[in-house]
Amino acid sequence: MNKALKNHKVTSHLLLIVFSLLMLYPVIWWVGASLKTTAEMSLPSIWPSTPMWENYTKGWQFSPEFTFGRFFGNTLLMEFWNVLGAVLTSALVAYGFARLNFKFRGALFSILLLTMMLPGQVTIVPQYILYNKLQLMDSYIPLVLPHFFGGGAFFIFLLVQFIRGIPRELDEAAKIDGASVYGIFYRIVLPLIKPALVTVAIFTFIWSWDDFFAQMLYLNSVGKFTVGLALRMYVDQFEIQWGRLLAMSLLSVMPSVVLFFFAQKQFVEGIATTGLKG
Amino acid sequence: MKAEAMNKPAAATKLHLTKKLKGTSHNNLAGYIFISPWLIGFLLLTAWPIIQSFYLSFTEYSLLEAPTWTGTDNYANIFTNDNDFKTSLKVTFIFVLFSVPLKLFFSLMVAMMLNKNVKGMNLYRTAIYFPSLIGGSIAVAALWRNMFNLNGYFNHVLSWFGIQGVGWITNPHTSLGTLILLNTWQFGSTMVIFLAGLKQIPGELYESASVDGASKLRKFFHITLPMLSPVMFFNLVLGIIGSFQMFTSAFIVTQGGPINSTYMYALFLYEKAFKHYQMGYASALAWILLVIVALMTAINFLVSRYWVFYETDGGKQK
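Those protein sequences? They're chains A and B, same order as listed.
When we follow our numbering, the leftmost residue of the first sequence carries the number 1, and every step to the right adds one.
When we follow our numbering, the leftmost residue of the second sequence carries the number 279, and every step to the right adds one.
Watch out, some of these pointers could steer you wrong.
To be verified - Rough simulated footprint, nothing fancy, chain A against chain B, three-plus residues with beta-carbon under 8 Å:
#1 324-336
#2 350-358
#3 365-379
#4 386-396
#5 515-528
For the record, the hints were derived by calculation from the structure and aren't laboratory data.
Beta carbons: idealized from backbone N, C-alpha and C, even for Gly.
Let the sequences and hints guide you as you build the complete structure.
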């Protein structure tokens, strides 16, 4: 019996290791290729004969004017506001929908769910026109502002489900002690939904890091570029220096990877306990 | 489940009413204060743009001059004169048809693999989630172009088996396939949602099935799949909607080429709007996309009655 269980575990591990390697294979190739010369790039070996560390040092110096430090700084600053906005406002909105009774609540919540299905193409043109009219082009405002409007329907929905799982008796008890709805939110609900808010923060960070489309649409001057935009210019500007490009792209995904690794338990379980249940 | 919630507006109102009768008072002011961030954002960045986009779809508008009303000209042109429209619609349908089922199947398999208690699961999860983390960044484009080049690594692996590969991305017959593969490789969020669903299936179900001597396969088809069907439905609906809007990979990996073989609808729309500044035409395209997506979703909801299994209210956890 015990032996069978042990065997079962070994097969599980084996399966997982093989599969992980398969998924990571392109990434392993990527690490090696970031240290190769362009000539070596198409050679079958994974690792270069002599690692070209200068792919990193020279790649980092994007142009005489700017280094990638600038672009990482820009992106991190944008991320700071995005995450702050999403965490702050999604909690407020979710609490409103989950716990308070107000006119048209049901209808408004249905609308919120419906917006998840709306193709972004329908709104992007008028939004672009709006930001253009307000002279907000080439600024971070079109990128950051949407996160302050509840952080997105998906997060609100996730948090509403989470708050619904908190026993109402806690609210009632606080109410008897004289707490207002704002007090209940701040003292009871907010501390309890922290794990779910971590999920919101991580998702927001990773998705905005990758949201190349909006960045491309709204940012024009190189000094304001995000890492993603700088990489794209790298492709256009020089005769593609694959080594440097791959080296810098590898650096560009590191923040998300490190974040995911350290927070992933909460990330996966945050969703699991939030329960996409009815 | 979101889908479930959407099916039950009537039930929600009923609940609402009984509560009112019981004397739970409305707190309109506080309610609207709390939801105001979303409500303002919705009105400003969603509701108003939807109305405006509908209006613009009947105009010609280049951003420089005021829109001029052209009636249904945009729509007429799209349906009769525009070959790019036909091409992009065809490419997009093929993409959806292959990538959605592939991704669902793959994510479910991986989720089942990860739904185990073994040591080092954190590490496995990160490794397997990694491709999804790098998402739509330029990094992926660089990686994919290099992997599937004529001299790329993929062909090298094929040569071990004596197969002569082609330039997968530069060949119009295979380029769309590489994008479907890329999309499947990034199955992370779909998989995580499946994983959450799997964790909610009560273990007793499997135990009693084991007592009855059910095989693994039987358990999968008679317990896992039915119990998971609401989650499957959720992933299917969002997967189809997302795939119809697929933009980034087509834009950064292939730019729609070669010979328009990866010219996705969203890419076509983007070029009309932000390259040629035909905002009216692009708005008409967006509305056509909206109608297609709405139709697909409606069909999904209709068909779901026959295969999505919801627990009865009695069995529901409080």
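**Prompt:** Against chain A, does the stretch 386-396 of chain B show at least 3 residues with beta-carbon separation below 8 Å?
**Reply:** n = 5 at 8 Å, threshold three: holds.
**Asked** Would you say the stretch 365-379 of chain B counts as covered by chain A, given the rule of at least 3 residues with C-beta under 8 Å?
**Response** Coverage by chain A is violated here, the residue count being 0 at a Cβ distance below 8 Å.
**Request:** Count the residues of the stretch 324-336 of chain B whose CB lies closer than 8 Å to any CB of chain A, then report whether that count reaches three.
**Result:** holds (count 7)
**Item:** Within 8 Å of chain A (C-beta), three or more residues of the stretch 515-528 of chain B
**Value:** With 7 residues in contact (Cβ-Cβ under 8 Å with chain A), the coverage given for the stretch 515-528 of chain B holds.
**Prompt:** Count the residues of the stretch 350-358 of chain B with a beta-carbon closer than 8 Å to any beta-carbon of chain A: does the count reach three?
**Reply:** violated (count 0)
The structure fails to meet hints 2, 3 from the earlier list, while all remaining hints are met.
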